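So the sequences go chain by chain: A, B and C. With this note's numbering applied, the first sequence covers 1 to 296. With this note's numbering applied, the second sequence covers 1001 to 1252. With this note's numbering applied, the third sequence covers 2001 to 2320.
I should point out that these hints are in silico values taken from the structure, not numbers from a laboratory. Hints are supplied without guarantee of correctness; some may be wrong.
In silico DSS-like cross-links for lysine-lysine, where the CA-CA straight-line distance does not exceed 30 Å [stated by the list, open to error]: (1) B/Lys1111 <-> B/Lys1093; (2) B/Lys1139 <-> B/Lys1086; (3) C/Lys2023 <-> A/Lys177; (4) A/Lys27 <-> B/Lys1111; (5) C/Lys2223 <-> A/Lys27.
Computed list of chain C residues with no C-beta within reach of chain B, every gap over 10 Å [stated by the list, open to error]: (6) Asp2064; (7) Leu2206; (8) Ser2277.
To be clear about the criterion: a stretch of chain C counts as covered by chain B if any three or more of its residues have a C-beta under 8 Å from a C-beta of chain B, and this derived list gives those stretches [to be verified]: (9) 2192–2200; (10) 2210–2217; (11) 2235–2248.
From a predicted model like this one, the values you see are computed outputs, not experimental measurements. Note that beta-carbon positions come from the ideal geometry of N, C-alpha and C, so glycine has one too.
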Amino acid sequence: MSSMTSTSQPAVEQTNNMRSLPLRHAKNSLMTILMGGALLAVLFPLGLIFVHIVKMGISSISLDFFIHIPQPTGEAGGGMANGMFGSLVLIGMASLMGIPVGIFGAIYLSEYGGSRISTVIRFCADVLSGIPSIITGMVAYSMLVVPMKGFSALAGAFALALIMIPIVLRTTEEQLKMVPTSLREASLALGVPLWRTTLKVTLRSALTGVLTGILLAIARVAGETAPLLFTALGNQFWSSSLTQPIAALPLQIFNFAISPYEDWHRLAWAGALVLVVTMFALSLTARYFGRTGHKN
Amino acid sequence: MNSKVKLDDLNVHFGGTHAVKGVDIDFPANSVTAIIGPSGCGKSTVLRAINRMHDMTPGAQVSGRILLDDTDIYGRGIDPVAIRRKIGMVFQKPNPFPAMSIYDNVIAGYKLNGRTRRDEADEIVESSLQRVALWDEVKDRLKSNAMELSGGQQQRLCIARTIAVRPEVILMDEPASALDPLSTLKIEELIEELKERYTIIIVTHNMQQAARVSDVTAFFYLGELIECGVTKKLFTTPDKKQTEDYITGRFG
Amino acid sequence: MSDVTASHRWKIEKGLSGDFIFKAMTVLFAFSILVILMLMLYEMVSQSLPSIRKFGSHFITGMDWDAVQGDFGALPFIYGSVVSSVLALLIATPLAVGTALFITEIAPRRLGGFAASLVELLAAIPSVIYGLWGILIMTPWLQQSAQPFLQKYLGFLPFFDGPAYGVSMLAGVLILVIMVVPIITSITKEVLTAVPRSQREAAIALGATRWEMTRMAVLPYGKSGILGAIILGLGRAVGETMAVTMVIGNNPQISLSLFSPAYTMPSVIANEFAEASSPLHSAALMHIGLLLLVITLIINALARLLLWSMSRGAARGAKL
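This is chain A alone, in the form it adopts within the complex (with noise of 0.2 Å):
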């Protein structure tokens, strides 16, 4: 070995670490290439339907949509001024339900709790938000709608509650995680209550954060359709009744998307038109918050 470490020829082994440089530089540009093609790749699509959504919403949405509920099948005409109110009563209702669930859950975490329990907690969570949606239906449906014997926004809300409670858990506690304790401390020597400091101090401080997640829970649950499917119903007609079925906007643009008809098509793109801005409204305004939060 040792004979061999003394007989190297700096002149040979310096061509054999430049030789293969073309090729590897070929192979480097070749995945480049590759990679920016993916990005292309993932971004056509996305982008196609982003303009018919468009394209398709602008031109069949009109005043009408908005304060009428949909016509009789077949008939020209209507809108889904009913699905809309019906999703802003069961968004209300679940974030009634979910938010200070969740709140209240990350306090728990990230002021109380022993690791270990938290750590078990954390990870239900992370594994209840990436249950189908369409089981929180079906397990909402045998808790409300089997015992009160019909469905109702009751049901629809609770269902929604619980896809909003892990989303809202998860981003409180890291917000209130960033919190420094020497904030807490300040205001604990002051004689202030723990239980006054988590609320006036600490929750507080990470108000901005914990808007956030609750706007991206919001946003998230706003677009659901599957659990609603059969506990809220939705409805053809005006209802704020609790106990009753009630419309949704996504209900709706599926039950019309699917029919035969051209116009319920139409109106199916208008509705789709106004959740996705309704979405990229939230979620912009989430990252706004979510910017200026951590600037602060």
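Take the given structure of chain A and dock chains B and C to it, following the hints.
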């Protein structure tokens, strides 16, 4: 001594910050040059310019010339990849590839040349590990994960990985600052031996270390080269007041 | 912290303190996560008991789905779910990983950031809208252009055999690809961003090209995280309901041809559950739901473990 690497009016900007200002130095071949100075003086920035690491940093701008032998490494048509094959670098914190075995770590850079024969690879791994005095410690577990080694061993592994590529110049960015005193000593001994074959440029914040291992020392302050000279002289009778203040511990 | 509150103890002893009530509330809500998960499992099992008792393991291998005769076998749905998800993943993975690599390793920061936020916005589009596009734009295109084309040149393969309806396994796979790519891309991007700079520099300093650096330092370091992202994508694909239901044709058959309509587990639940004809029918649908729940629980647990092992950088995936 003939110079191996020569900086000619080197300037480095990051966005609006002028980090290195008009530096000229000759780094003599087969010797150790230490770059010292208080933190933030631009010493690492100079070092990273020498193998074009700043190419990877968005917003970094290098101007002036750096000559390796007689080639300007920032010249037209010069391939930074080829330059880095000739000018290797060892970092502040040991950074072996965690997903690879000890063996694979050593051969990783060499293998980039293309298909490598098994016996050729074996030879290179053994000779490189021997040169960093790690062979005896790891020869029975070449296939085990590199992260199982201690910090000092990991750093020597990183040096072995660098010399396996057969560079001409080795840049070291505070290579012992994350290590315990014993490992530091081993690295310093290693540097002493390596200079027979390689030109070594080492950045260090530790003046004793610079005095122990280097032949030539360059002192930087606020992005400028204040003084550069034979180590012994610079540490005993520096020409500049600032150098004297620094080495006597009056600031920095 | 107990030291600080100790000074108030004389007050606390008198009754329920604010601290106690507050903490109790947080405990209650945090543990509700566990309760929800348990409750879900319990409900699904108890509701599908009639079907489990009646069909047992035959349920998984049975080919018939006959609500009139009361004979239920879920194999065509399981087949449809497995084939559509696996094929979609096979296509989506290279695209998503390639895109993530382009964003993190190659694109200038501005362009990369822009592409990343685009991908994330697209990941937020609801399933029903992908379905709407799929049924009104994609399936007619498949029927009129893509399928005849494939049949003409690849028709000798059993995969491209039979009449072109538009709605088909092929349509289901394509819509799934479009839907899971943004998810896998954005989690993979997070994982790649978490690869330390020192690893990249190590490779570059050895004289690696950018691609060699990616292969040598970035991909091996992010391996488990990327695998987690892919498995999470699989979980999404398996549970995806609306879009698939709208384009896959909803016909419980097992056919090699991608042109044949198929049916998936979530789709049959979506289509039949609200109007189940008998208690046994709804129990059978619950049974399918239970299988789906167990499958996705396993997939998600696995994905989370992989992502968690990749440390905090990837924990953000939870938000998607």
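So, going through the hints one by one against the coordinates:
no.	hint	in the structure
1	B/Lys1111 <-> B/Lys1093	23 Å, holds
2	B/Lys1139 <-> B/Lys1086	27 Å, holds
3	C/Lys2023 <-> A/Lys177	17 Å, holds
4	A/Lys27 <-> B/Lys1111	15 Å, holds
5	C/Lys2223 <-> A/Lys27	22 Å, holds
6	Asp2064	49 Å, holds
7	Leu2206	3 Å, violated
8	Ser2277	55 Å, holds
9	2192–2200	holds (count 4)
10	2210–2217	holds (count 3)
11	2235–2248	violated (count 0)
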